[in-house]
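Residue numbers (numbering that gives the first Met the number 0), protein chains in the order written: chain A, 0 to 405; chain B, 0 to 405.
Be aware that a few hints might be false.
No copy labels: a pair is met if it fits in one copy or bridges any two.
To be verified - Capping the alpha-carbon separation at 30 Å, the derived lysine-lysine pairs in DSBU-like fashion look like this:
hint	residue 1	residue 2
1	Lys109	Lys119
2	Lys324	Lys311
3	Lys311	Lys336
4	Lys19	Lys58
5	Lys311	Lys208
No lab work stands behind these hints, which were simulated from the structure alone. Quick caveat, the model's predicted, so the values are computed rather than measured.
Number of protein chains: 2
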Amino acid sequence: MALIVQKFGGTSVADVNRIKAVAQRVKSEVDAGHQIAVVVSAMAGVTNQLVGYVDDISKLYDAREYDAVVASGEQVTSGLLALALQDIGVSARSWQGWQIPIHTNDVHAKARITGIDTDKIQARLQEGEVVVVPGFQGVAPDGRITTLGRGGSDTSAVALAAALKAHRCDIYTDVDGVYTCDPRIVTKARKLSKITYEEMLEMASQGAKVLQTRAVEMAMNHGVRTEVRSSFSAERGTLVVNEEEIVEKQVVSGIAYSRDEAKITLVRVADRPGVAASIFGPLAEASVNVDMIVQNVSADGKATDMTFTVTKSDLERTKSIIQSKKAEIGYEDLVAKDGVVKISIIGVGMRSHAGVAQTMFQTLADKGINIQVISTSEIKVSVLIAEEYTELAVRALHTAYGLDAA
Amino acid sequence: MALIVQKFGGTSVADVNRIKAVAQRVKSEVDAGHQIAVVVSAMAGVTNQLVGYVDDISKLYDAREYDAVVASGEQVTSGLLALALQDIGVSARSWQGWQIPIHTNDVHAKARITGIDTDKIQARLQEGEVVVVPGFQGVAPDGRITTLGRGGSDTSAVALAAALKAHRCDIYTDVDGVYTCDPRIVTKARKLSKITYEEMLEMASQGAKVLQTRAVEMAMNHGVRTEVRSSFSAERGTLVVNEEEIVEKQVVSGIAYSRDEAKITLVRVADRPGVAASIFGPLAEASVNVDMIVQNVSADGKATDMTFTVTKSDLERTKSIIQSKKAEIGYEDLVAKDGVVKISIIGVGMRSHAGVAQTMFQTLADKGINIQVISTSEIKVSVLIAEEYTELAVRALHTAYGLDAA
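With the hints as constraints, model all of the structure from the sequences given.
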């Protein structure tokens with residue numbers, strides 16, 4: 000017998016029939032003798048509708064009232080799932096964030112969980128009752144409803160699993176696991192049976208979009224074994240675990256890409272101490288997230304070119320901030336460019352293997368693809384290339400690293 | 000400066016634009032220097048949708064989960080109205096039933112308010128903040144969400160007004176007040192500027208449908224001055240008050256009708272002590288509400304006819320209960336009949352005036368309308384007639400009692 004937290008996303012509870020199907024899936028784990036806590040999202044579309052109401056009423060809305068409004072979507076699903084479970088003979092009860100309570104700080108609309116009182120629900124679990132918890136919501140120290148930000152239900156589930164010391168946290172979604180690469184592009188992509196937290200974090204932030212980044216961080220910090228799997232099939236998904244649990248480490252576990260990139264080059268920036276700070280300081284203040292940064296060696300000792308990437312949505316803001324600081328920074332020209340894609344190879348095995356990046360560079364060179372920017376981390380190598388080469392590059396790398404399905 | 004509770008029903012908050020209009024109306028009272036607590040219903044259609052989900056999942060649903068689901072509709076409206084008020088510069092905050100708290104008993108789906116802690120909201124009102132409260136909901140002693148039954152928001156508003164010792168409770172709805180009779184039938188019907196609680200109770204239960212019966216009872220018990228008025232016009236509505244506040248009492252204040260009646264006659268019931276108990280006991284046990292009862296004088300001292308009315312929806316159940324008890328009761332035949340209407344004349348002035356009922360009987364006789372059953376109370380005379388005469392009877396009585404508008 001194990002304690003398992005199951006989380007079902009919006010498409011898994013999109014209507015009454017799907018909620019009934021979810022109940023059956025919960026029942027099968029109960030019948031297998033497990034204690035089950037279920038975390039649910041709002042029915043697909045509901046949160047967008049509620050956010051739409053708020054936007055229509057007030058552009059500069061009060062986040063406390065926003066939270067009171069949007070948290071209701073998960074409340075509805077939790078009650079409906081409890082009813083669906085009872086209807087098939089499974090003892091169940093819904094618990095709102097304030098009833099458990101799930102404590103958060105008071106940063107409304109983007110709250111962070113600070114603690115979960117598990118006494119009451121723990122007692123129910125031990126009686127064999129299924130505990131149904133609305134994701135995304137909590138309660139602030141002053142007793143007002145908070146929400147965790149979009150996609151926060153994943154975080155709710157992992158936090159609950161950590162607090163309950165659950166054996167596993169199953170994240171049911173509309174994909175059946177984490178793949179070596181996006182299967183829509185690489186038909187030979189394989190589903191990974193296991194992946195490390197660190198790799199998942201890179202995959203998620205690189206655009207894999209199967210699991211919220213904050214949820215992965217929390218799972219890593221608390222060692223919560225998390226499985227990403229499909230609500231619509233009985234197959235096992237991908238288990239996100241500690242590195243030690245993975246016996247046969249791949250050098251490269253997966254390949255990710257992100258089209259959400261824009262490149263800015265400052266031409267002939269003065270080559271003097273403090274110039275980087277003069278550029279990136281103002282951007283940090285404006286909460287612009289700078290990803291890759293490359294500074295070329297200065298040819299004449301006087302000026303150099305500085306290239307960096309931001310998300311497309313931040314491009315215009317970034318340009319106007321840099322242009323407003325032109326005098327302080329000192330540069331000849333600003334060249335902004337989108338139409339680029341970031342391709343990343345990811346794998347914890349990289350740490351102990353030399354030449355991994357070289358395979359990437361050679362593979363791209365063989366296809367005649369020009370690399371514009373390179374950045375590396377301990378378990379990742381990312382390159383920026385022209386967007387039109389996305390599919391070609393990703394498929395070639397997938398083959399080069401031996402990831403293709405047999 | 001006064002403390003006023005305002006209640007807005009589902010059609011008054013049906014969409015974002017109407018919620019904004021409600022905010023303007025609240026603002027006008029705030030600008031006039033009043034302290035305002037607002038009670039809101041769910042947006043029109045939302046509660047039906049949520050109840051539909053529950054019904055689709057489980058016919059024999061758990062009322063605790065039903066409450067968690069359906070209470071969310073009012074939660075959304077309360078947050079949206081608080082936002083709309085803030086957006087036009089009015090300080091406002093929403094307060095869920097469990098946050099205030101509004102205590103109820105634990106009869107889920109039909110809970111009764113047992114007390115309201117007004118300390119927190121009273122403090123906010125004194126600071127000039129508008130307090131927005133979702134109607135219909137409360138919290139049970141064990142901390143679970145409860146609801147008060149359909150239409151419960153009127154009760155929430157009156158209970159809040161009583162607890163806050165409000166100067167007035169304004170019930171904003173889609174009609175502009177209480178009329179001497181249904182204006183759809185009687186074009187000469189007049190809006191009443193004042194009506195007593197007792198009369199309103201009779202009008203409501205007789206089908207006037209402008210104010211929930213429980214809300215009127217509570218207003219009467221706590222002496223809450225309640226005004227029924229339109230959300231869509233600035234005109235004064237109808238004030239429901241103590242009899243002492245009405246100087247010029249009408250003998251008959253209004254005429255009500257109800258088509259929701261069915262008549263049952265038991266032919267040749269044994270004329271012996273205890274026969275009424277043998278009929279109505281089993282019906283009371285089955286929660287069938289019997290309205291009018293008439294027992295004819297026995298012609299031969301052996302048997303009599305017993306006639307009574309129930310609501311149409313209870314007719315089939317009533318027939319099967321009575322038929323199953325045929326041996327105990329002892330009767331020759333059961334004759335059930337719908338196609339009848341109950342017409343009532345209502346007025347506190349009746350108490351001190353003779354001949355009021357006689358005017359009714361004579362008026363109906365003059366139109367050739369046969370009276371099937373009569374029942375009277377201190378401030379009401381009701382008759383059962385064939386449904387086809389509804390309009391004719393109501394209009395004739397309206398004229399006969401001098402209620403027609405000039």
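Against the structure, the hints:
{"no.": "1", "hint": "Lys109 / Lys119", "verdict": "both (26 Å within a copy, 26 Å between copies)"}
{"no.": "2", "hint": "Lys324 / Lys311", "verdict": "within (21 Å within a copy, 79 Å between copies)"}
{"no.": "3", "hint": "Lys311 / Lys336", "verdict": "within (10 Å within a copy, 74 Å between copies)"}
{"no.": "4", "hint": "Lys19 / Lys58", "verdict": "between (37 Å within a copy, 13 Å between copies)"}
{"no.": "5", "hint": "Lys311 / Lys208", "verdict": "within (17 Å within a copy, 57 Å between copies)"}
In the structure shown, no violation is registered for any of the earlier numbered hints.
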